[in-house]
Amino acid sequence: MQTRNVLVVGVGGQGVLLASNVLAAACLARGYDVKKSEVKGMAQRGGAVVSFVRYGERVHSPLVERGRADLVLSLEWAEALRWAAYLRPGGVLAVDLVRILPPAAQLDHRTWQASYPAVEVERLRQAGWDVRPYEASRCAAELGDGRMANVVLLGAVSRELEFTVEEWEQALREVVPEQVVEANLRAFHAGRELPLASVSPGDVRRPAARTFRVEVTASWCKGRSCGICVRVCPEEVLAFGPDDRATAASPDRCTGCQLCQLLCPDFAVVVREEVAVG
Amino acid sequence: MIPDVRGYLRENRMPHILCPGCGHGIVLGALLRAVHALGIPQDRLAVVAGIGCSSRLAGYVDACTLHTTHGRALAFAAGLKLARPELVVIVLTGDGDGLSIGGNHLIHAARRNVDLTCILFNNAVYGMTGGQVAPTTQPGWVASTAPYGHPEPAFDGCALVQGAGGTFVARSMAYDPRGLQAILTEALEHRGFSYVEVLTDCPVYFGRYNRLGEGPELLWSQKARFGEVGQMLRDKRFVTPDGTAPAGRVEGLRFGILHRAERPEFTHVCWSQVRRGGDP
Ligand code: SF4
Ligand code: SF4
Ligand code: SF4
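Chains as they are written, first to last, in the numbering used here: chain A, 1 to 278; chain B, 1 to 280.
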């Protein structure tokens, strides 16, 4: 058999490595040779994670070249765009439609809405790939734990791969921590039943904006000789006003981290989320 | 989102009298969030304090509060808890108040295992009286009464309380308000004597005498002074130009929940005796 090339991609915390470990365990259960390699350095900061899995009679190298992958399993929309070029013509792109904003895109709330790529499945199809969008995160959340989206998506693509249900179940039991095996088996089977998400050609989705309001009670603020909130704010939202008290000088940049509120010794700062009306 | 806990303050008394950049208010914020998360009603919450900057905080909490004499907060609090066991009693004390003037009350409250939560604000100086050395001032640190550097070794309050029999002993710092809140939550839930020592800072005396900067610099430097050096070096905001640890670094202080034990609780034992004897 020809060696099969798979990429499992996503962002830190989504369980990319777990999903690729399950796949590798299924390969071993079937008696294939399998090699795996991953890049996960950015995982802790919510950055990109990629895991290469190659399997077949005899595999010599773990890396997949651009344009040679049979399957890209993406746990996030923007990551699917990042890695789609690794697919061979006609390769399968299975993607969870969840959208996770990278920290860099949150730096400026005014523009990040536009800077996150829109979900435009048709354009990828035009590039010659077999695109399979799924609402895996939504399905996992309905099952009670959104973190199982990785296993739901694995279940969805398992229908395309040569392994038997028993091999998948054995792989899951090996890889997943004991106390969550049953929940993950349920997620896997829910994934096997999961229909393709309906994304119409004109369906361009953007993430919802969150806006925050920083309020400083000037009469409680001890001003420039304190300055803790002004110094701690990672977005430089706060500055000293003409009265030397802290004030939200660039309120649009606030990301709602609330460090200012946590560290103001004078209870002068409160950050609230603004709920959009209408 | 973390909640706005200003409902627990006597807002008509704010702003509080503490100096700009003083770390104590951060600790009070973490405490109020822990109280809020546990849903303790204000009329069931008693805050007892002694004398000193940190002890002034009790007066700003909208609950049952008691501002007592120097070092004696724990004694008042033990009496209150004995008479009104249904109250959640929190003691706010400083390192001078709790470890020198009130040192005896501290060890005996720990020995008796009275169900109190004692929060000791350790800023290594007597702030209110002008920056004199406290029992927690580390050797070499400068204070108004130690202009050439303190010649004495310092107390480790957590080791002291554990040795005296306290059943919940923890240490945290103002730099880590979320971790502090988690520890305070557990301390409040613990039945028995809980001691939480919080490293906070006095920019006006400690920071100025030791040339460690003002409120923000002092706060960022806590991790470097008390925490892991490796972590400090990654935290680019506070390194000396040659990349070494800053002055005043303290070795060997342990953080987190350091000790937890089960022992008969004093109030419970006393009330059982009273009930056995008939008339209270
Ligand atoms: S931290 Fe609080 S008191 Fe200090 S400058 Fe900011 S608002 Fe004012
Ligand atoms: S919550 Fe506060 S610290 Fe965080 S970005 Fe907004 S203003 Fe800055
Ligand atoms: S003297 Fe020091 S400890 Fe006291 S309020 Fe001022 S800064 Fe805080």
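Calculated from the structure, these hints are not laboratory results. Remember, predicted model here, so these are calculated numbers, not experimental data. Glycine included, each C-beta is placed from N, C-alpha and C at the ideal position. Do not take every clue at face value.
As the list claims (entries may be wrong) - Label pairs and their calculated CB-CB ranges:
1. Leu63/A to Asp156/B: 48 to 56 Å
2. Ser225/A to Ile2/B: 19 to 27 Å
3. Tyr148/B to Ser225/A: 23 to 31 Å
4. Gly47/A to Gly130/B: 49 to 57 Å
5. Arg254/B to Leu28/A: 41 to 49 Å
6. Pro62/A to Pro139/B: 53 to 61 Å
7. Ser219/A to Glu86/B: 31 to 39 Å
8. Ile2/B to Glu57/A: 51 to 59 Å
9. Phe240/A to His70/B: 35 to 43 Å
10. Gly130/B to Pro177/A: 54 to 62 Å
11. Gly39/B to Arg224/A: 21 to 29 Å
12. Ser250/A to Arg178/B: 22 to 30 Å
13. Ala141/A to Arg111/B: 49 to 57 Å
Outcome of the hint check:
no.	hint	result
1	Leu63/A to Asp156/B: 48 to 56 Å	holds, 53 Å
2	Ser225/A to Ile2/B: 19 to 27 Å	holds, 25 Å
3	Tyr148/B to Ser225/A: 23 to 31 Å	holds, 28 Å
4	Gly47/A to Gly130/B: 49 to 57 Å	holds, 50 Å
5	Arg254/B to Leu28/A: 41 to 49 Å	holds, 44 Å
6	Pro62/A to Pro139/B: 53 to 61 Å	holds, 55 Å
7	Ser219/A to Glu86/B: 31 to 39 Å	holds, 37 Å
8	Ile2/B to Glu57/A: 51 to 59 Å	holds, 56 Å
9	Phe240/A to His70/B: 35 to 43 Å	holds, 37 Å
10	Gly130/B to Pro177/A: 54 to 62 Å	holds, 57 Å
11	Gly39/B to Arg224/A: 21 to 29 Å	violated, 38 Å
12	Ser250/A to Arg178/B: 22 to 30 Å	holds, 25 Å
13	Ala141/A to Arg111/B: 49 to 57 Å	holds, 51 Å
Checked against the numbered hints above, the structure violates only hint 11.
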